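All chains should be built: construct the whole structure from the sequences, respecting the hints.
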Amino acid sequence: MDKPFALELDGLVVRYGKGCPLCTDSAQALQRNRCPRCGSIWAVRDISLRVREGEILGVVGESGSGKSTLMRALYLDSQPTAGGYYLGRYHDGKTNIYSISLQQRKYIRSHLLGMVYQNPHLGLRMFFSAGANVAEKLIAAGNRNVRSMMNRTGTLLEHIEVPLGRLKEPPVNFSGGMQQRLQIAKAVANNPPVLLLDEVTTGLDLSVQARVLDLVKRIQREFGVTMIVVSHDLAVVRMLAGRTVVMLDGRIIEQGITDQILEDPRHIYTQTLVNSLL
Amino acid sequence: MKNYNFAFLDESSKRAVRRALLKAVAIPGYQVPFGSRELPIGRGWGTGGIQITLSIIGKKDILKVIDQGSDDSVNAISIRSFVRAATGVRTTTDSQEATLIQTRHRIPEIPLRGDQILVLQVPLPEPLRMVEPLESVTKRMHAEMDYAPIWLALYENIVRSGDIELGADYPVMVENRYIMMPSPIPRFDNPKLHKSPALHLFGAGREKKIYALPPYTDVRSLCFEDYPFRVEDMSGRVCRLCGAKDVFMDEFFDPASGKRLYQCSDSGYCEKRKENQPRG
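Residue numbers (the working numbering), protein chains in the order written: chain U, 1 to 278; chain P, 1 to 280.
Quick caveat, the hints were computed from the structure, so don't treat them as lab data.
Take the hints with a grain of salt, since some may be wrong.
Said to hold, decoys possible - Here's a subset of chain P near chain U, in silico, CB distances under 8 Å, partners left out:
hint	residue
1	144
2	145
3	151
4	152
5	155
6	160
7	224
8	225
9	228
This one's a predicted model, so the numbers in the text were calculated from it and none came from an experiment.
Where a beta carbon is used, it is the ideal one built from N, C-alpha and C, also for glycine.
Structure follows, in structure tokens:
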């Protein structure tokens, strides 16, 4: 009945701190996402997701709701406390990626995933040239041919409308919008089947936002990439995502078709969120 | 030196260094931490090499000490006389006569044999240090073979200047597993490491690391498919003393004639060639 899934999460939990019997046994005891007794933060609580191939899933929620923690776990930057993570392109989605070796995870990161961080400083080497930043992904995937990598980075930079003349410049010299577009070029360098975008447009002015979103749309149309798009900006999610989940205090409180959620929100928090649109 | 133990170090210290050496030989290219001992010279002045030499030297060994190719520099002479005073072993400048050779920044021109050991002094053993300052992180990167940042640094070099500009200490891949610093030998000497019949031991006294290349180890200098590894070009250079070609040359400038002059960097090799030449 199901279309092939690109990505599946099963009961993802990310806890910062040791945890104690109180917060481990009953989620009700938590104050928002913090345990009043041991002070542990339950950043992500029991999240299960299934994203079909070529689908764009939006993730919205207020600051501190666990969106970025979720993305970091998806990009294998951190080891979650519990949960299963399956990619359709890895062992036919039968192997839990959180249980495999770090070397294998490295392979998945460089071949099957692309990530755009909210903060470009996390995703780029600020003092390496723009070209080398994009090539890093190619090198990690085993490319050892300078000419082919230079050609590929040239094509990608053209795609993201960064002038080729700035190929040798380090991204520390770039504007915020250019840095963000450079991150996108890096993330898609290997044509990964899954792309993770964490607040790609935050902090950019409206005209630049539009260009970045255009770029994302074009990538999705041309390559049929599966995407998870995190944003606190509902307009971004409305434009990009077919389906949306709403997070609050580390949990999914509502999910469904994006239009439906935005037009007819059920959860009281989502109603507040939608109504607070300026 | 009568009041000191044979080879200066006490027996348990020598055993500790040998244990590290055994582990290093068992895992070619892997950096084994060891408790670097105090010596009568400062760390970073060849103490890693000296500790290895002192730990493995026996009474029948014949020792040669090289400093940047030369047997006659202050460092080479001091280390040679120190080891001689502490052990009483015979020393030589002939790399073929020596059974044990300690060296800084050069490998002898004449290929080494299986019954010889080359001890190299290492200032900076960690190839990942240029991209990652934390030791805890570089250890994990070695474990995961996360070497992309090194390749990236080489790539960046090509993007910016059109070529890989590393001179000495050009990183090598050992047995397709560990990337290793060959110590600051010129690129010219890198190919000599590959499948060498001799045992190569590397000691970094200040950084407290020992690593090794057992005989016939696969050692390849890093390169890209379209930017193959190249050694320094010595073509057209002739040694002014012995007339040798195709060896690593030191360059001199003669202000009187305004010409560049060349001379073998390996002084033991040069001396030997001169001896064998008929005197005119």
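Here is what the structure says about each hint:
1. 144: With a minimum Cβ separation of about 5 Å from chain U (threshold 8 Å), the hint on residue 144 of chain P holds.
2. 145: Holds: closest Cβ of chain U sits about 7 Å from residue 145 of chain P, inside 8 Å.
3. 151: holds (5 Å)
4. 152: Holds: closest Cβ of chain U sits about 5 Å from residue 152 of chain P, inside 8 Å.
5. 155: Constraint on residue 155 of chain P satisfied, holds at 6 Å.
6. 160: Result: holds, 6 Å to nearest chain U Cβ.
7. 224: holds (5 Å)
8. 225: With a closest approach of 5 Å, the residue 225 of chain P hint holds.
9. 228: violated (11 Å)
Consistency with the previously given hints fails for number 9 only.
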